[in-house]
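Novice: The lines below spell out each chain.
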Amino acid sequence: EDKVVQSPLSLVVHEGDTVTLNCSYEVTNFRSLLWYKQEKKAPTFLFMLTSSGIEKKSGRLSSILDKKELSSILNITATQTGDSAIYLCAVERGSQGNLIFGKGTKLSVKP
Amino acid sequence: EAEVAQSPRYKITEKSQAVAFWCDPISGHATLYWYRQILGQGPELLVQFQDESVVDDSQLPKDRFSAERLKGVDSTLKIQPAELGDSAMYLCASSPQPGGVYEQYFGPGTRLTVT
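Keeping their order, the protein sequence lines are chains A and B.
Taking this note's numbering, the leading residue of the first sequence gets 3, the next gets one more, and so forth.
Taking this note's numbering, the leading residue of the second sequence gets 13, the next gets one more, and so forth.
Calculated from the structure, these hints are not laboratory results.
Source: prediction; values computed, not measured.
Treat each hint with caution, since some may be false.
[What the hints assert, rightly or not] In silico lysine to any residue, SDA-like type, Cα no more than 20 Å apart, as pairs:
| id | chain 1 | residue 1 | chain 2 | residue 2 |
| --- | --- | --- | --- | --- |
| 1 | A | Lys43 | B | Leu82 |
| 2 | A | Lys42 | B | Ala100 |
| 3 | A | Lys43 | B | Gln29 |
| 4 | A | Lys105 | B | Gln53 |
[To be verified] Just so you have them, the derived chain A footprint on chain B, three or more residues with Cβ under 8 Å:
| id | region |
| --- | --- |
| 5 | 53 to 66 |
| 6 | 86 to 99 |
We put the beta carbon where it would ideally sit given N, CA and C, even for glycine.
Sequences are here, hints too, so could you generate the full structure?
Specialist: Below, the structure written as structure tokens:
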């Protein structure tokens, strides 16, 4: 059975800290891995990763995929209170493009 | 910026009642997804449409759930009868086409509470 596992499930840090969120997967017919940020509303897209070893960056956020290890990490540097959210990892499988999500990592950034 | 629209945003219903949710995807997006997100979990795919056709409804509880996208644009998800375990956020997402290149854009969701 396909699955996506995220760790840790929750994390509390202070402003300015750097955090690393983990995502591992066992999915047949892998196409891509996506990261979403979810505050008290719908998920918003962060990154899509298809190639192993290539880092994607957007400001203080970056992510990399390791297809050999079937995993990905999401890094956030110099965290801010506005980074507090649930970060969802999803893997796209098959030709139809549907996503299987992990349970998410709840990040709380304290001032 | 174009967005996925959903209504209602919140719905409270009694068990055994019927309930319906509506989604209007971003204009031109051929692929539409309905997800259910239970509190503390990631979204789970219920049904995927390509234009007006269902391409994946393997996780849709067909005894009580139905979905349609008659003209290949907006979509309706219905539950009849609702059960207590159906309380969740129902998310609609769309993308220009399935797979590989385009991310899915999510709507604000409908939070359903069944009492």
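Novice: Of the hints stated earlier, which fail here?
Specialist: 1, 3, 6
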